[in-house]
Amino acid sequence: EAGVTQSPTHLIKTRGQQATLRCSPISGHTSVYWYQQALGLGLQFLLWYDEGEERNRGNFPPRFSGRQFPNYSSELNVNALELEDSALYLCASSLSGGSYEQYFGPGTRLTVT
Amino acid sequence: GQQLNQSPQSMFIQEGEDVSMNCTSSSIFNTWLWYKQDPGEGPVLLIALYKAGELTSNGRLTAQFGITRKDSFLNISASIPSDVGIYFCAGKSGGYQKVTFGTGTKLQVIP
Numbered sequence: 001e002a003g004v005t006q007s008p009t010h011l012i013k014t015r016g017q018q019a020t021l022r023c024s025p026i027s028g029h030t031s032v033y034w035y036q037q038a039l040g041l042g043l044q045f046l047l048w049y050d051e052g053e054e055r056n057r058g059n060f061p062p063r064f065s066g067r068q069f070p071n072y073s074s075e076l077n078v079n080a081l082e083l084e085d086s087a088l089y090l091c092a093s094s095l096s097g098g099s100y101e102q103y104f105g106p107g108t109r110l111t112v113t
Numbered sequence: 001g002q003q004l005n006q007s008p009q010s011m012f013i014q015e016g017e018d019v020s021m022n023c024t025s026s027s028i029f030n031t032w033l034w035y036k037q038d039p040g041e042g043p044v045l046l047i048a049l050y051k052a053g054e055l056t057s058n059g060r061l062t063a064q065f066g067i068t069r070k071d072s073f074l075n076i077s078a079s080i081p082s083d084v085g086i087y088f089c090a091g092k093s094g095g096y097q098k099v100t101f102g103t104g105t106k107l108q109v110i111p
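Residue numbers (this note's numbering), protein chains in the order written: chain A, 1 to 113; chain B, 1 to 111.
Do not take every clue at face value.
[To be verified] Now the stretches of chain A that chain B is said to cover, found in silico as 3 or more residues with beta-carbon under 8 Å:
1. 40–46
2. 51–64
3. 105–113
The hints are simulated quantities; they were obtained by calculation from the structure and are not laboratory data. Please read all numbers here as calculations on a predicted model, not as lab measurements. Each residue gets a CB set at the ideal place from its N, CA and C atoms; glycine is no exception.
With the sequences and hints as input, model every part of the structure.
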């Protein structure tokens with residue numbers, strides 16, 4: 001069974017640009033979560049989508065947004081990139097309802113120059 | 001908001017030694033999870049705990065859900081070089097409450 005997949009693996013952008021990151025959950029999972037992990041630090045919760053709806057949002061500015069598609073894949077968009085947005089962005093998926101363990105993808109390394 | 005304190009922050013151990021790490025929370029959790037992350041990769045789920053007092057093993061790993069529901073412990077027995085990595089605890093209250101991750105314990109194993 002395929003795990004959570006993320007694309008691209010690496011993304012290099014300049015300050016002020018927009019970045020789009022993609023995630024495909026494990027088959028049968030309807031919840032998708034996004035986390036930011038800056039170098040050497042822990043995971044900071046960004047967004048949670050379940051059955052196409054945004055269920056919870058972390059303490060990030062509105063320029064971090066996303067959506068979930070009917071096939072449960074998800075996109076994370078970061079507008080007006082800042083240098084401190086450079087991080088590993090991790091996507092995880094779980095069964096619906098938010099009560100189940102999350103399984104992570106390999107991440108997208110975003111570098112803002 | 002909820003906070004998870006994970007300790008120790010880092011540890012160096014000799015191959016073959018046992019390892020213990022723990023997580024404490026300011027709030028009660030209904031679920032405790034333990035993950036391991038290798039450099040440049042996503043965290044991998046090791047153990048999930050769902051009931052206060054529960055003790056669960058996965059090979060050389062054993063984790064416990066604290067009775068107060070505010071803490072959890074992970075033990076690794078007879079460590080080997082591939083145990084190197086960062087271990088994260090995570091707690092969840094229920095429903096659509098987000099999962100809160102600990103700050104991680106960086107484990108280094110000396111052969």
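Under the constraints set out in the numbered hints, which ones does this structure not fulfil?
Structure breaks no hint.
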